[in-house]
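Colleague: Chains W and G are the protein sequences, given in the same order. Under UniProt numbering, read the first sequence as residues 1 to 189, first letter to last. Under UniProt numbering, read the second sequence as residues 1 to 189, first letter to last.
Simulated from the structure, these hints should not be mistaken for lab results. Be a bit skeptical, because a hint or two may be false.
Copies of the same chain look alike in the list, so a pair counts if it fits in one copy or across any two.
What the hints assert, rightly or not - Straight-line alpha carbon distances no greater than 30 angstroms define the calculated DSS-like cross-link-like pairs of lysine-lysine that follow:
id, residue 1, residue 2
1, K38, K178
2, K38, K167
3, K49, K73
4, K38, K49
5, K49, K178
6, K73, K186
All values derive from a computational prediction rather than experimental measurement.
There are 2 protein chains.
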Amino acid sequence: MKPEGRKQEIIDSAAILFKERGYSAVTMRDLARAMGIKAASLYNHIQSKQEILASIIIDLAEHFTTGMNEIVKSDLTIIKKLEKIIELHIDITLTNADGLASLNNDWMHLEEENLTYFEQMRHDYEENFRQIVRTGVNNGVLANNNIEIIVFSTLSTLRTLYLWYPKQRTIDPDILKKDMITVLLKGII
Amino acid sequence: MKPEGRKQEIIDSAAILFKERGYSAVTMRDLARAMGIKAASLYNHIQSKQEILASIIIDLAEHFTTGMNEIVKSDLTIIKKLEKIIELHIDITLTNADGLASLNNDWMHLEEENLTYFEQMRHDYEENFRQIVRTGVNNGVLANNNIEIIVFSTLSTLRTLYLWYPKQRTIDPDILKKDMITVLLKGII
């Protein structure tokens, strides 16, 4: 296996252990044992547990950030932009639900520069989302409800998808996207 | 102060500490220190940290259960039942957001009988909610989307209210109820 493939395998295995026990409770020794390799050989690929956590969380946050920036820059309608954001969350959840557990539960264990970088990305993401909603409400494209309630209601569902979807494998990803877009935008009535 | 008032004060203080540090990390000594009293005097009112946790979580779960049972038994329309459920979550969040942190994060630390009782109540609550949604979809009162997606989308928002609302004190509770009902039932368009 190429070194990069091995490194990714370490990161993926770590994400599962972090999800199950939390970052703080997992040691590099635990990780080596779970992978059936020697702890020393982990260090040929990775410097520290912190490097693994940063790799998981920063990669995901950059994925969200890149997706959001493309949506913001686009000349799509407000409704289409919201649909694209919902699809972005579903796509990332489908490919890396384990990593999202670290992002949601263990981001505060990132160390200095990565923590600042992550918090900035999270803040900008939410602010971009809020701005799209605000524009929609001001233009009358979205119904005139409290903007913070709209932002919270939508993001709280999208941010907990990673907990729910792994237990729902019978729902086809295309149905998930279609129905989630309908439910979040048009409600359930 | 009456003994019951003192006991409630201990429970409320504990809920704040559990929210901030998690149940496992808090000792009875920490709790006494936070309250400015002697650890020994806590035991005049309460037997153990476990008794406090059970009191917080079981009281809340019974509050949800009682509310849901009244709604289920009522002859309200499906839409009215869903509105009542949203109001129930908001009312409980407004009165005990700290306790809801324990219910959401520390329920697994309940001991045997209380754990079983809690899990049964949580299961029944979700099943009652699912049944109301299923009836609504089957009767054509609710739009024909995947039932699990409707249940998840709605409950994920209601269950994370306790995290969000304490940071949003500028939103009037009546606006919160009105707009949350609109957003969850009719969507944001």
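Colleague: How would you classify K38 and K178 at a CA-CA limit of 30 angstroms: within, between, both, or neither?
Modeller: Neither: 45 angstroms inside a chain and 58 angstroms across chains, both beyond 30 angstroms.
Colleague: From the Cα coordinates, with 30 angstroms as the cut-off, is the pair K38 and K167 best called within, between, both, or neither?
Modeller: Neither, since 33 angstroms and 46 angstroms both go past 30 angstroms.
Colleague: At most 30 angstroms between alpha carbons: which applies to K49 and K178, within, between, both or neither?
Modeller: Answer is neither: 38 angstroms inside a copy and 46 angstroms across each miss the 30 angstroms cutoff.
Colleague: At most 30 angstroms between CA atoms: does that hold for K38 and K49 within a copy, between copies, both, or neither?
Modeller: within (15 angstroms within a copy, 41 angstroms between copies)
Colleague: At most 30 angstroms between C-alpha atoms: does K73 with K186 qualify within a copy, between copies, both, or neither?
Modeller: Answer is both: 25 angstroms inside a copy and 29 angstroms across each meet the 30 angstroms cutoff.
Colleague: Evaluate K49 and K73 at a C-alpha cut-off of 30 angstroms and name the case that applies: within, between, both or neither.
Modeller: Classified as neither: same-chain Cα gap 36 angstroms, cross-chain 53 angstroms, threshold 30 angstroms.
Hints 1, 2, 3 and 5 from the list above are not met by this structure, while the remaining hints are.
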